[in-house]
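Generate coordinates for the entire structure from the input sequences, incorporating the hints supplied.
Here is what each chain is made of, one letter per residue.
Protein chains: 2
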Amino acid sequence: MREQTSEWTEDTVGLVPTMGALHAGHRSLVERARAGNTKVVVSIFVNPLQFGAGEDLARYPRPIEEDLEMLRELRVDAVYMPRVSDMYPEGATTRVVVGAVAEPLEGASRPGHFEGVATVVTKLFWAVRPDRAYFGQKDAQQVAVVKRLAADLDTGIEIVVCPTVREPDGLAVSSRNVYLSPEERRQAASLSRALRAATSAYAGGERDPAVLEALIRNVIEGEPLARIDYVKAVDPGNFTSPGSLATVAVRFGGTRLIDNHDLAQPWPG
Amino acid sequence: MREQTSEWTEDTVGLVPTMGALHAGHRSLVERARAGNTKVVVSIFVNPLQFGAGEDLARYPRPIEEDLEMLRELRVDAVYMPRVSDMYPEGATTRVVVGAVAEPLEGASRPGHFEGVATVVTKLFWAVRPDRAYFGQKDAQQVAVVKRLAADLDTGIEIVVCPTVREPDGLAVSSRNVYLSPEERRQAASLSRALRAATSAYAGGERDPAVLEALIRNVIEGEPLARIDYVKAVDPGNFTSPGSLATVAVRFGGTRLIDNHDLAQPWPG
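Protein chains in written order, with our numbering: chain A, 1117 to 1385; chain B, 1117 to 1385.
Any given hint might turn out to be false.
Intra- or inter-copy, both count: the list cannot distinguish identical chains.
[What the hints assert, rightly or not] The calculated lysine to any residue pairs, modelled on SDA-like cross-linking and capped at a C-alpha distance of 25 Å, are:
| id | residue 1 | residue 2 |
| --- | --- | --- |
| 1 | K1263 | G1232 |
| 2 | K1348 | P1227 |
| 3 | K1254 | A1208 |
| 4 | K1348 | A1208 |
| 5 | K1263 | T1209 |
| 6 | K1263 | S1201 |
| 7 | K1254 | S1201 |
By construction, these hints were calculated from the structure, which means they are not laboratory data.
What follows is the structure in structure tokens.
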């Protein structure tokens, strides 16, 4: 990968890091990268380091032929697909730890998750040395973690954040949506419905995070299969102090879904 | 710095990271970098993150004019001298943690030291993006830590290790030697004398690390001002299991000196 990109001295390089199982969200990231750079690299790597014990590493979908077909169609210039044994050989112990912004919410619910994300992203950044890297707003805290490390480590890489892509009923597209049963899938639309309702309340003048959180909880708890992990309205700068970024994590059976919306922004569409 | 090196697309770039107070050891690193690359960058940054509480950050020597004079004479292509506030602005929380090889010896005696080293080296690597980086064998465990992170993070940067430069009486050159009183300076030669004696014992067939360590201790403890922090003969691969790399850390008054030698190698000169 490094040899390839080191030949691209006259180019700008956009990197789209993925775990494969590509969907419309990834497509929008690649299209954005395509529009902003002369070369586009997509990495596909299901990163074991960002999965906790008991999470879905083993069953995570890996439809590699379909993924490559989509990337061919999108005319990407290179696909980087390292093996786990190449990324984490025996004795590789270095980790990138981002600190405060990685600690609450997803960081608290998934110990080690953001250490895994930060480490693999730093490795991908070195392997590709892109000018820009593209991430989806759906993983809002991941975006904050990646921005933090890209700045703190002086990478010089611009982090471009793309809007969440949603299904017609509002569900944020995710590789994990395939796990949902038809009934779970129907009830999962409650996450975006709740965020949309809170956006309306905010637009109507409601600013109390506790009230906004309760409103979101009420909508989601209206679905009998939903088990809320957290609902928090936080400052998008630190993910700790109260603010307008409403973030939710909800389980449906064995599937954990996340979504978020900055309530100060209009609901899209 | 990034703008400068990004223009050097046809060059190979060698980086010599330093904390300034340049001496003959640094000179040898720069000469080696000069011989192996078409561009040479020297960084000067007294990195607060690698000093513990109660260590010598405030009094660390900063003879910047003399340093720049030496680097002019050595015809380096760029000197990178970031400010502390640029390297660690408010809110910069990301750290690089190297793991096992950073934990014993210097890592145990100086909590946080190698986290500070690994973090600043990763930042310097991103800012300069060199082909090769040069470090002195005098800081043997630092070399192991830097090699580990350079490989683990897929930097593609070759770590070149240069031999320890010594004074006529054997004392390893160090920016901290200026702290020594004349009597401490005289007694400090016991570190290299002890390592040299252990090298002779090893050449004579002695392989027991405990015996070699005792021999080293005995020589150093012959000096009344010496206070041993540690003496350990370790495997240079992990700095934990016993092996032929003899490492010592000794205090003379408020000054802490380190030295090392692979006893399986002849004493130089």
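Hints, one by one, checked against the model:
no.: 1; hint: K1263 with G1232; verdict: both (15 Å within a copy, 20 Å between copies)
no.: 2; hint: K1348 with P1227; verdict: within (18 Å within a copy, 36 Å between copies)
no.: 3; hint: K1254 with A1208; verdict: between (30 Å within a copy, 24 Å between copies)
no.: 4; hint: K1348 with A1208; verdict: between (36 Å within a copy, 24 Å between copies)
no.: 5; hint: K1263 with T1209; verdict: both (23 Å within a copy, 12 Å between copies)
no.: 6; hint: K1263 with S1201; verdict: between (27 Å within a copy, 19 Å between copies)
no.: 7; hint: K1254 with S1201; verdict: neither (29 Å within a copy, 33 Å between copies)
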